[in-house]
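S.K.: Go ahead and model the full structure; you've got the sequences and the hints to work with.
Residue-level listing of the chains:
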Amino acid sequence: MKTYTYNNNVELMKRAGKVIPCGVYGHLGPAEGCMIPTSAFPFFVSRAEGSLMWDVDGNRFIDYMCGYGPNVVGYCDPDVDAAAMEQMKKGNCTTLPSHIMVDFAELLTKTVKKDWAFFAKNGGDVTTFAIMIARYYTGKKKIIFVNGYYHGVAPWTQKPDSPGTLDTDCMHSLYVDFNDIEQLKKVIAENKDEIACFISTPYMHGNFIDNVLPAPGYWQEVRKLCTENNIVLICDDIRCGFRLSLEGSDNFYGFEADLICFCKAIANGYNISALCGKEFLKGAASSIMYTGSYWMSAVPFAAGIANINKLIANDAPAYFRKIGTMLTDGLAKIAKDRGVNLAISGEPALFYLAIRDDDSLLLHQEWIAECVKRGVFLTNHHNHFVNLSLTPELVNETLEICDEAMKIMVKNHPEVYR
Amino acid sequence: MSARVKAYVNLFAAMGVLQKYVELDEEAKKIAKEHNIVVRFKVKGGPDGQVIFKDGAVKVIPTDESISSDVVLYCPTADKFNDVVDGKGMPIPVKGLFKTLAFMGKPESPFNVLTGRMADIMRGKGTDTPELQKLSTLLAFYAMSAAIAQIGNEDEIGALAGKRIPDGDISLEIKDAAYATITKKDGKLTCRFEKTANPRAVMAFDSIQTAGDLINGKADAMSCISMGQLEMKGYIPMLDNLNKVLNLVPKYLS
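Taken in sequence, the protein lines are chains E and V.
Going by our numbering, the first residue of the first sequence is number 1355, and it counts up by one from there.
Going by our numbering, the first residue of the second sequence is number 233, and it counts up by one from there.
Be careful, since some hints might not be right.
Using 25 Å as the maximum straight-line C-alpha spacing, the simulated PhoX-like pairs for lysine-lysine come out as follows [unchecked claim]: (1) E/Lys1443 / E/Lys1496; (2) V/Lys312 / V/Lys291; (3) E/Lys1496 / E/Lys1676; (4) E/Lys1513 / V/Lys395; (5) V/Lys276 / V/Lys262; (6) V/Lys286 / V/Lys261; (7) V/Lys338 / E/Lys1368; (8) E/Lys1687 / E/Lys1636; (9) E/Lys1496 / V/Lys420; (10) V/Lys450 / E/Lys1372; (11) E/Lys1540 / V/Lys395; (12) V/Lys483 / E/Lys1513; (13) E/Lys1636 / E/Lys1578; (14) V/Lys407 / E/Lys1513; (15) V/Lys450 / E/Lys1368; (16) E/Lys1546 / E/Lys1632; (17) E/Lys1513 / V/Lys265; (18) E/Lys1546 / E/Lys1496; (19) V/Lys420 / V/Lys450.
Pairwise CB distance ranges (calculated) [claimed, not checked]: (20) E/Ala1436 / V/Lys427: 54 to 60 Å; (21) V/Asp311 / E/Phe1634: 53 to 59 Å; (22) V/Glu255 / E/Glu1548: 51 to 57 Å.
Facing chain E, a subset of chain V residues (Cβ under 8 Å, in silico) [claimed, not checked]: (23) Val316; (24) Ala393; (25) Ala429; (26) Ala433; (27) Asn479.
Calculated directly from the structure, the hints in this document are not laboratory data.
These numbers come from a predicted model, not from an experiment.
The beta carbon of each residue, even a glycine, is placed where N, CA and C say it ideally should be.
M.R.: Now the structure itself:
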């Protein structure tokens, strides 16, 4: 099987490095630990369609990152793009919001079973707003986080040793482990009448660790504790939203969040995020001045409407589970046949992979690198994503490449795989 | 900046690099060979360490009571010790007065010549040949590595990241030129100037030039990774937290 080279990517990265901090900053860039070694990965895309993307060297990839989540019905989806283009002709960022904002809010609230929707641009916009609402409504300051969390990059989400963060930004942060109800009870008891909110993803899909699903009864107990202690329960559904269930991942796991944050899969890549909430918090949301220049742009609303309707029409979460399971079952078989301890965790729609035959993850990084160089775009230590355009044929092609990549990795390590 | 933490960095990182200096520089090795002596620095509320000169090699270690010190120097505060390191003060000899005077009593005394030259080279003073420039970068690399361990243990903010570094060895490398290993064990970070056989994570500069640019603040780590000049691999949470400590190094190791 031919392996890829990246001459144009490297040249472009050199140009980028001169005019853009880090060349490519943030989670799409190679510096965040998900593209190891960097020499195995492309840096820039030239075009994308469905589940495929082509880099600036013309290399074709089956893409399991999906833009880190937004690609949910397929890149350049004709239905979503047509709706967006049609709205573009009528106006986008206008003095008054387009009437379709109301259409989208109605569709969204009905879909995710909440009473209101507030729109912004990125996930961090709405997690931050959720915290502000919780603090304003309760008159309390402290936030309970779940260890291993990610809720964006605003200072309140960071640790005091993060560059650009002050220790005072984190002075109201409390931490518990996922699925640990006793610890949560203890933290609540120790901070009686001081906790504004509990914020968590629906399951633990942190990076570098096997993902953890909620234990039976966990969320129901969290809900009870929050209600009893006047703590706003915030579900950060930015990564999982619309992939596990169209009704929101709180409903999927059998509890009701007070506030739920959506972004990524809400509009198939058009830039919009949403905070949805229960009626009793609408007044607080109304009272806080929180806005942005592009938050009411109409094109993403149009894209969002088309996207959600398409997800509903295709019963997308069921398909994600089916195609994700086909892929992960195939990977599990390959690993078993080659004697590799491959841990597959999380939900099939957002599966997480880790080879557990060493404690350094170096074997895993080598395998992923060999996959990428042959046209399957996976990253080292992040959950992956499937989308509606992913076909069984593409999954079979993926499995063939992953098998060859694993064969090479195993061959290179006789000290581990005798 | 904490004077106490700076004292730890001065003793175990800045002075600790004497080990590599006498290995890498012939003149330094010659001076070191002439002295077999153990000097203990005892700083009230701060570090307590021994600088061991033996058979032309130098080691700086936390005080081991089983090793007898020829000279014991006391500093009543961390600030006073930092002044000593900056050449602005003298410690109080509580053992080995005459040896103290002979070894470090005057600017031309062997210890002061060694540390003075080393500091000049690390600061790039008079490094007008490629060899000296290379030596300057290598010493700075070792000092940086040793400082990470001290800051990750002792600095209030650095210790937050230090505590989050999982157990194991982190290999810091300048490819084919220099190796240091940071080990996290029993809640503490230690540094040794050698390659580890079993790294759990690796941070490797592709060249002395890249390492020098990063240490001198001409380049940043994230950009170096993007450009393929700095390779990070292995258990990334170790490096993620180590980088947070690394960000604090210039504050202490100026």
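S.K.: So, for every hint listed, does it hold in this structure?
M.R.: Results for each hint:
For the given pair, lysine 1443 of chain E sits about 46 Å from lysine 1496 of chain E by alpha-carbon distance, which is inconsistent with the 25 Å threshold. This hinted pair checks out: lysine 312 of chain V and lysine 291 of chain V have alpha carbons roughly 23 Å apart, not beyond 25 Å. Distance restraint check for lysine 1496 of chain E and lysine 1676 of chain E: the Cα-Cα separation of roughly 40 Å exceeds the 25 Å cut-off, and the hinted pair is therefore not satisfied. Annotation: proposed proximity of lysine 1513 of chain E to lysine 395 of chain V holds, straight-line Cα distance about 13 Å (limit 25 Å).
Between lysine 276 of chain V and lysine 262 of chain V the alpha-carbon distance is near 33 Å, which puts this suggested pair outside the 25 Å criterion. The straight-line distance between the Cα atoms of lysine 286 of chain V and lysine 261 of chain V is roughly 11 Å, inside the 25 Å bound, and the hint therefore holds. For the proposed pair lysine 338 of chain V and lysine 1368 of chain E, the alpha carbon gap of about 51 Å is over 25 Å, so the pair is violated. A hinted pair counts as satisfied when its Cα atoms are at most 25 Å apart, and lysine 1687 of chain E with lysine 1636 of chain E does not qualify at roughly 49 Å.
Only pairs whose Cα atoms come within 25 Å are accepted, and lysine 1496 of chain E paired with lysine 420 of chain V is rejected, the gap being roughly 30 Å. The suggested pairing of lysine 450 of chain V with lysine 1372 of chain E holds, with an alpha-carbon distance near 13 Å, which does not exceed 25 Å. Between lysine 1540 of chain E and lysine 395 of chain V the CA atoms are separated by roughly 23 Å; this keeps the pair inside 25 Å, and the hint holds. About 19 Å separates the Cα atoms of lysine 483 of chain V and lysine 1513 of chain E, which keeps this hinted pair within 25 Å; it holds.
Distance restraint check for lysine 1636 of chain E and lysine 1578 of chain E: the Cα-Cα separation of roughly 21 Å lies within the 25 Å cut-off, and the hinted pair is therefore satisfied. Proximity of lysine 407 of chain V to lysine 1513 of chain E is assessed by CA-CA distance (about 32 Å); at most 25 Å being required, the pair is judged violated. The straight-line distance between the Cα atoms of lysine 450 of chain V and lysine 1368 of chain E is roughly 16 Å, inside the 25 Å bound, and the hint therefore holds. The suggested pairing of lysine 1546 of chain E with lysine 1632 of chain E holds, with an alpha-carbon distance near 24 Å, which does not exceed 25 Å.
For the hint linking lysine 1513 of chain E to lysine 265 of chain V, the alpha-carbon distance of about 48 Å lies beyond 25 Å, and the restraint is violated. With a C-alpha separation of about 10 Å, the suggested pairing of lysine 1546 of chain E with lysine 1496 of chain E holds against the 25 Å cut-off. The straight-line distance between the Cα atoms of lysine 420 of chain V and lysine 450 of chain V is roughly 31 Å, outside the 25 Å bound, and the hint therefore fails. Look at alanine 1436 of chain E against lysine 427 of chain V: about 59 Å separates their beta carbons, and that is inside 54 to 60 Å.
Roughly 57 Å separates the CB atoms of aspartate 311 of chain V and phenylalanine 1634 of chain E, a value that falls within the hinted 53 to 59 Å. The hinted window of 51 to 57 Å between glutamate 255 of chain V and glutamate 1548 of chain E holds, with their beta carbons roughly 56 Å apart. The closest approach between the C-beta of valine 316 of chain V and any C-beta of chain E is roughly 30 Å, which is over the 8 Å cut-off, so the hint fails. Among the interface hints, the one on alanine 393 of chain V holds; its C-beta lies about 5 Å from the nearest C-beta in chain E, closer than the 8 Å criterion.
Interface restraint check: alanine 429 of chain V against chain E, minimum CB-CB distance 12 Å, threshold 8 Å, status violated. For alanine 433 of chain V, the suggested interface contact is upheld, since its CB lies about 7 Å from the closest CB of chain E, less than 8 Å. Of the supplied interface hints, the one on asparagine 479 of chain V holds, with its beta-carbon coming within about 6 Å of a beta-carbon of chain E, less than 8 Å.
Hints 1, 3, 5, 7, 8, 9, 14, 17, 19, 23, 25 from the list above are not met by this structure, while the remaining hints are.
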